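Here the protein sequences line up with chains H and G, keeping their order. Read in order, the letters of the first sequence correspond to residues 7 to 351 in the working numbering. Read in order, the letters of the second sequence correspond to residues 7 to 351 in the working numbering.
A few of these clues could be false.
[To be verified] Here are the simulated DSS-like cross-link-like pairs (lysine-lysine), alpha carbons at most 25 Å apart as the crow flies: (1) G:Lys295 x H:Lys257; (2) G:Lys147 x H:Lys146; (3) H:Lys285 x G:Lys288; (4) H:Lys288 x G:Lys54; (5) G:Lys274 x H:Lys285; (6) H:Lys285 x G:Lys286; (7) G:Lys295 x H:Lys285; (8) G:Lys146 x H:Lys274; (9) G:Lys147 x G:Lys129; (10) G:Lys295 x H:Lys286; (11) G:Lys70 x H:Lys288.
[As the list claims (entries may be wrong)] Only part of the chain H face toward chain G is listed, based on derived beta-carbon distances under 7 Å: (12) Ile60; (13) Ala64; (14) Asn215; (15) Asn217; (16) Gly223; (17) Asn228; (18) Phe243; (19) Asn246; (20) Ala248; (21) Thr251; (22) Glu253; (23) Gly254; (24) Ile275.
Hints in this document: simulated from the structure, not taken from any laboratory. Every value quoted in this text rests on a predicted model; they were computed, and no experiment measured them. For glycine and all other residues, C-beta sits at the position ideal for the given N, C-alpha and C.
There are 2 protein chains.
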Amino acid sequence: MTKKITIAIDAMGGENAPHKTIKGACLFLKKYNNHNDFTLNLFGDKEKIKNELIKENADLSNIKIFHSDSVISDEETPLTAIKNSKNTSMWNSIKSQLDRESDISLSAGNTGVLLVISRMILKMMNDVNKPALAGLWPNKKGMNVVLDLGANIECNEQNLVDFAELGSALYKSLYDNKAFVALLNIGSEEIKGTEILKSAYKKLNNLSNENNFIFNGYIEGNQIMNGDSNVIVTDGFTGNVALKTAEGTAKFITDNLRQSLTQNIFSKISLIFSYFSLKKFKDRLDPRKYNGAIFLGLNGPVVKSHGGTDALGFYHSIELCYKIVKGDLMKQIKSNLSHLKSEQK
Amino acid sequence: MTKKITIAIDAMGGENAPHKTIKGACLFLKKYNNHNDFTLNLFGDKEKIKNELIKENADLSNIKIFHSDSVISDEETPLTAIKNSKNTSMWNSIKSQLDRESDISLSAGNTGVLLVISRMILKMMNDVNKPALAGLWPNKKGMNVVLDLGANIECNEQNLVDFAELGSALYKSLYDNKAFVALLNIGSEEIKGTEILKSAYKKLNNLSNENNFIFNGYIEGNQIMNGDSNVIVTDGFTGNVALKTAEGTAKFITDNLRQSLTQNIFSKISLIFSYFSLKKFKDRLDPRKYNGAIFLGLNGPVVKSHGGTDALGFYHSIELCYKIVKGDLMKQIKSNLSHLKSEQK
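One chain only, chain H, in its complex shape:
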């Protein structure tokens, strides 16, 4: 690859920005210092960004800074933000994609505002009606792409089919591997679920093939993490509830476990012995590793980092951006969608 991977970073979005965003960027620079195939375009208050870079003793050779006067506050709503967003660091990041200065944007700012601005600047792809918010979710054998996670609370059958195409393109760009698509439902039999799901099921069954994705049919919530499918398709309401329920359950269990393991002298001793095993356990489930939701269906990829994550979490989002561009997501999407349209003729 001769062209460099350019990642536009809104340095000012999220809690503790630009401290955590720049620290995350510097972690990336260190980890990827052998790769001379990328540039990080940092958008925000030039002075503050520079100060943070100096603090981190950063190598500046793969960095460009673009000054932006203003920042979108976390309190802004999508409606008010539209008129207040021009020339903010978030706006300018995404604008740089339109101007072909960047391949992808990353922000830890307000999700709703980011979605509205992204859609306004980049526009929807011709063949897609609604953008989807996709997330990474660990499974027994590796990783899932799950979508939609909340961009669309109501979806029709064609939206779900689009999500399958977009999600499997994302999966292939990230993991260079076959995508196995499943529709989230409340039973695995063909007759279960809403009429929308039944129609989507039929369409996906017709589209299923080796080049595009293999359609595994319906799965239930308890099968999301069993690894048989790796692209899980659902509407934004259900996807959001499922994701957050999983987070709440994980927190409940690990809180209970922590309590159990620290409640008496024997279990405290046990902690010493099992420290390294438990550390691996915690590492595997560390939510910072899966930080980053991807907007799909626009004429360019945009990644949303969790606002409250730390530098390590933000680093993982930058790495996600890098992999998405390296795996040529937009080409994968176009190939999937063209296939879809020809099938429908």
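Given chain H's structure and the hints, the job is docking chain G onto it.
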């Protein structure tokens, strides 16, 4: 209470029946042998039931056996079962409620068939349009009632309001404590969610009071288990996905934990030290303790045990039936619903 609590048990439903159902019943008889306030009405093959009771050396003083020739197979669908269900153990259990021989029915048989038969025999309550399937779900401070878990994949605002009334009646009958109702949504702000949710929100806000239930507004999936609300209301599609996603997440985490804790000699030693703490941890999360989903909205309560549970799980379902009748669920429901109807005038 002078009248005895009578529990109709379909002894033939579920895997390993009647062995596990009778063993579960005998566990209940032993645990509750000081309480002279109940009768277990066992429905099924009289000979097989008797043999199992003899094996368990059961005290027969609080037991009645009602012979039923046939059993509904797990492969039966709700449609085919209607014509084949008469005089099965499941049918006769529920029929005994109509005949006032039992206060509640319990079966580990096919869920769809049980719901259809229950509705056919007991009929819907006058003021309720759709029956709901409610389940128990642990939270940080105690227990939640969550409904609907899959009886209705599409719900209107009045269904959700009914579910709040039914669920809080169940909560009060089980735990003799104030019910805090929340609507499951994808954000906590009033403007979030579907139009149906927004209308239900307004109605529940108007109904919220000390005698009935306190309405806590919207919650997101990650708040289901934080204990601030204890009656979680949602449509059957979302509820089913949330419940099963929580189950899948719990399995994923505990499988990972088990792997971590047995992977090397140090962690194996640690297991010895932490055995009792981890046992408590496992006990607290044992799904058999929460076994039993309750059909609400019919003229009589029906409990569905998990088909694959064992004798201990079935025992917990019997105990749940006992508590539901002891807490006078039907009276609680009528009081809640009459309140609801007068508010709506």
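Do the hints match the structure? See the list:
Restraint check: the Cα-Cα separation between Lys295 (chain G) and Lys257 (chain H) comes to about 20 Å, which is no more than 25 Å; the hinted pair holds. For the proposed pair Lys147 (chain G) and Lys146 (chain H), the alpha carbon gap of about 30 Å is over 25 Å, so the pair is violated. This hinted pair checks out: Lys285 (chain H) and Lys288 (chain G) have alpha carbons roughly 20 Å apart, not beyond 25 Å. Proximity of Lys288 (chain H) to Lys54 (chain G) is assessed by CA-CA distance (about 50 Å); at most 25 Å being required, the pair is judged violated.
For the given pair, Lys274 (chain G) sits about 15 Å from Lys285 (chain H) by alpha-carbon distance, which is consistent with the 25 Å threshold. Proposed proximity of Lys285 (chain H) and Lys286 (chain G) is supported: the alpha carbons are some 21 Å apart, at most 25 Å. Restraint check for Lys295 (chain G) and Lys285 (chain H): the C-alpha separation of about 30 Å exceeds 25 Å, so the hint is violated. With a C-alpha separation of about 23 Å, the suggested pair Lys146 (chain G) and Lys274 (chain H) falls inside the 25 Å cut-off, and the hint holds.
Distance hint between Lys147 (chain G) and Lys129 (chain G) is unfulfilled; the C-alpha atoms sit about 35 Å from each other, more than 25 Å. Between Lys295 (chain G) and Lys286 (chain H), the direct Cα distance comes to roughly 30 Å. Violation of the 25 Å bound is thereby established for this hinted pair. Of the pairs offered as hints, the one joining Lys70 (chain G) and Lys288 (chain H) is violated, with about 52 Å between alpha carbons and a cut-off of 25 Å exceeded. With its C-beta approaching chain G no nearer than about 38 Å, Ile60 (chain H) sits outside the 7 Å limit, and its interface hint is violated.
Because the closest C-beta pair between Ala64 (chain H) and chain G is about 35 Å apart, greater than 7 Å, the hint is violated. Hint status for Asn215 (chain H): violated, given a least beta-carbon distance of 28 Å to chain G, over 7 Å. Contact between Asn217 (chain H) and chain G, as hinted, is not supported at the beta carbon level, the nearest pair being about 30 Å apart and thus beyond 7 Å. A distance limit of 7 Å between C-beta atoms decides the matter here; for Gly223 (chain H) the minimum to chain G is near 16 Å, and the interface restraint is violated.
The beta carbon of Asn228 (chain H) comes within 4 Å of a beta carbon in chain G, closer than 7 Å, and the hint placing it at the interface holds. A cut of 7 Å between beta carbons decides the hint on Phe243 (chain H): the least distance to chain G is about 6 Å, and the hint holds. Below 7 Å, beta-carbon pairs count as interface contacts, and Asn246 (chain H) has one with chain G at about 4 Å; its hint therefore holds. A distance limit of 7 Å between C-beta atoms decides the matter here; for Ala248 (chain H) the minimum to chain G is near 5 Å, and the interface restraint holds.
Hint on Thr251 (chain H) holds. Least Cβ distance to chain G is approximately 4 Å, under the 7 Å limit. Annotation: interface hint on Glu253 (chain H) holds; nearest CB of chain G at approximately 5 Å, less than 7 Å. About 4 Å separates the beta-carbon of Gly254 (chain H) from the nearest beta-carbon of chain G, less than 7 Å, and the hint is met. The interface hint given for Ile275 (chain H) holds, since its Cβ lies 5 Å from the closest Cβ of chain G, which is under the 7 Å cut-off.
Violated hints, in rising order: 2, 4, 7, 9, 10, 11, 12, 13, 14, 15, 16; the structure is consistent with all others.
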